[in-house]
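Go by the hints and put chain X onto chain R.
Those sequence lines, one after another, are chains R and X.
Count the first sequence with my numbering and you get residues 169 to 434, in order.
Count the second sequence with my numbering and you get residues 143 to 425, in order.
Don't read these hints as lab results, they were simulated from the structure.
Idealized CB from N, CA, C, for every residue including glycine.
Among the clues, some could well be false.
[What the hints assert, rightly or not] What follows is a list of derived Cβ distance ranges for each label pair:
1. X:152 <-> R:330: 57 to 63 Å
2. X:325 <-> R:206: 38 to 44 Å
3. X:381 <-> R:335: 37 to 43 Å
4. X:204 <-> R:206: 31 to 37 Å
5. X:187 <-> R:175: 33 to 39 Å
6. X:234 <-> R:325: 27 to 33 Å
7. X:229 <-> R:380: 48 to 54 Å
8. X:234 <-> R:407: 28 to 34 Å
9. X:211 <-> R:226: 40 to 46 Å
10. R:422 <-> X:192: 54 to 60 Å
11. R:340 <-> X:237: 47 to 53 Å
12. X:332 <-> R:267: 38 to 44 Å
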Amino acid sequence: MRKSKYQKIMPVAMIVITLLFFYLPIILMMVFSFNSSRSLTSWSGFSLQWYQNLFKDRDIISAVTTTVSIAVISTVISTIVGTISAIGISNSKPILKEVILTINNLPILNPDIVTAIGLMLLFSSMSIDKGFLTMLLAHIAFCIPYVILSVLPKLRRLDANIAEAALDLGATPWQALIKVIVPQIMPGIISGALIAFTMSFDDFVISYFVTGNGVKNISILVYTMSKRINPTINALSTIMIVIVTIILIVINIIPLFKKKERTVLE
Amino acid sequence: MKTFSNLVKPYMIWIGVFVVIPMLLIIFYAFTNKGNTVVSIAFTMDNFLKFFDSVYIKVLLKSLEIALITTTICVIIGYPIAYSIANTKSRTQTLLMLLITIPMWINTLVKTYAWISVLSDNGIINSILIKLGLQPITMMYTDFSVILGMVYNFLPFMILEIYTALAKMDHALIDASSDLGANKVQTFEKIIFPLSLSGVISGITLVFLPSVSTFVIPKLLGGGQYMLIGNLIENQFITVGEWNFGSAISLIMAIIILIGMYFARKFDQDGKDSNKQKEIKHA
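Okay, chain R solo, but in the shape it has when bound (with noise of 0.2 Å):
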C-alpha cells in the first residue's frame, strides 16, 4: 500500500514540533546566559559576564559543593546498602519478601511530598538539627528503595547453585559475596547507582523540607533566586543541561559501539 504524502509528512511534522517545543525554551535559557544585558529577551552582544558572576558567588559555590557532595555520598551509602539487603530480601522467606517489598515501594509510590514531611516529622520528632546530615540522610533513604528494585531483578537470574559451590569449595560467606555474586549482578549495582544519583542530584521537594540553617542544594537555591529574573542562573543550568546531556549521550552511545565491535569480531 502507498501512502500518501500527507501520511509521510504528518508524522515528521509532529516529531518535529515536539521536539521544538522540548528544546526551544532550553536553548533560549542557554543562548541569553551569553547576553551581555540583564535582559533574557533582547540580544545585546555576546558576554560571559554571568558565568563570571557564577564563579564568584559564594551562595552558589556552596550549593554546588552540597549537592555534588550529598550526590556522592548518597550514591556510594545507598548502593553499598541496597545491593546488601537485594541479596538478603532475594534470600529471605517469601512472606518476608513479600513485606519488605511493599514498605520498600512505598517511598517510590508515595508522592515526593509525602515522603518529604514525613521525613521532616521524623527529624524534628529525635530534634535533630536539620541541615547538611538530615538532606543526606533523606536522601539515602529516599535512594536504597530504587537501587534495591534495579538488583532484585539481576539476583532472580542468579543461579544459586554457583554460590553455594563457592561455600563448599572453602569460601568464607564474605567471599562468595564479593567474588561471586556481586560480580554477576554488576550491571543491576551500576545502573542502581546511577538512579541514586541523578535523583540526588536533582532533588527539590525532599531536600527543600528536611534541610535547613540555610543549607542548600542546586535546585533550592533556583527555587529561591527564580522569583526574579537572574541570567547567573541561566548560566548555573547551561553548564548542568550540558553535563547532563554529554553523560547521556556517552551512556547511551557507548552500547551502540560496543555491539558494532561485537558484529565486527563475529
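Relative to chain R, chain X alone:
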C-alpha cells in the same frame, strides 16, 4: 540460601525508621492537635473537618481538574508521537527516543524556570507578538502557564511508556491482521491500540500522580497566589506552621492517589486478562 538471609535484618530496621515511622508520624499528626506532649495525647478529627471547608475542597478539586487536563493533553499528544516514532527505522527510533528522554534528566526547576522568560508579559512570545503588531497576551500566572509547565515536564514519560508498549509489540500480529483483510483502521482498533493500552495506563499514572502533588510548577508559573493541593501542604508546613493540618491534607492526598493507582493497575490487569481469555478462545 540461608547464609545470606541475615543480610536483610539491618534493612528491616532501616525501613522501620525511615519509611514506616515517618508514615505513622504523618497519621499521628493528622489525628492530633497542636501542642501535644507525650503525656497528653488527644485524638481529634478537627483537621479533617477543617479540610471539608469549601475553600480547601475547592483547592483539591482544582488540583484534580488541572491534573486531569494535563494527563488528557499528554495522552492526546503523546500517543501519536510515540506511534510515529515506533514506525520509523530502528536507528532513527533510538536517536529520537534519546532526544525525547534527555529532557527527563534535566532538573525540573531549571526546565520550569526556562519557561518564565518565554511566557512572561515582556517575554519572548510577547515581544514577537508586539513586533508583528499584535496585542500582547498575559500567559504567566494563569491556568494556561501551569498546565503548559506540567505538560512540558511530564509528556516525555507518557511518550516513553506508550513507545515501549508499541515497540515490544509482536509485528507478526499486525501482518496477520492485514493478511486476513483488515484495513489499517481496523488493525489499529483491534490489534495495535489494545496491545498498547498497558503503556497508556502506566503513562497516565506517571503523569497524573506528579501533576496532582507538584507544588514547584504552580509556584514558579502560577505565582504566589496560585493554590494547588501541593502548595497548600507546603504553606501549612513552611509558612503557617500548622503541621497537624498539613499532615491531614497530605494523608487525604496520599489516599486519593493510592486509590487511583489501585484502579489503574486493576484496569490494566483486567485488560490483560480479557486479552488472554480471547487468545485462549481463539486457540
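Taking the hints in turn, this is what the structure says about them:
Between residue 152 (chain X) and residue 330 (chain R) the beta carbon distance is about 25 Å. The supplied range of 57 to 63 Å is therefore violated. Against the hinted window of 38 to 44 Å, the Cβ-Cβ separation of residue 325 (chain X) and residue 206 (chain R) comes to about 59 Å, which falls outside the hint. Between residue 381 (chain X) and residue 335 (chain R) the CB atoms are about 58 Å apart, so this pair departs from the stated range of 37 to 43 Å. Checked against the hint of 31 to 37 Å, the C-beta distance between residue 204 (chain X) and residue 206 (chain R) comes to roughly 35 Å, which is consistent with it.
Between residue 187 (chain X) and residue 175 (chain R) the CB atoms are about 60 Å apart, so this pair departs from the stated range of 33 to 39 Å. At roughly 31 Å, the beta-carbon separation of residue 234 (chain X) and residue 325 (chain R) lies within the given 27 to 33 Å, and the hint holds. Distance hint check: the CB atoms of residue 229 (chain X) and residue 380 (chain R) are about 52 Å apart, consistent with the given range 48 to 54 Å. Between residue 234 (chain X) and residue 407 (chain R) the beta carbon distance is about 30 Å. The supplied range of 28 to 34 Å therefore holds.
Under the hint 40 to 46 Å, the C-beta atoms of residue 211 (chain X) and residue 226 (chain R), about 42 Å apart, fit the expected range. Separated by about 55 Å at the C-beta atoms, residue 422 (chain R) and residue 192 (chain X) satisfy the suggested range of 54 to 60 Å. Distance hint check: the CB atoms of residue 340 (chain R) and residue 237 (chain X) are about 48 Å apart, consistent with the given range 47 to 53 Å. A hinted range of 38 to 44 Å for the beta carbons of residue 332 (chain X) and residue 267 (chain R) is consistent with their spacing of about 42 Å.
Violated hints for the displayed structure, listed by number in ascending order: 1, 2, 3 and 5.
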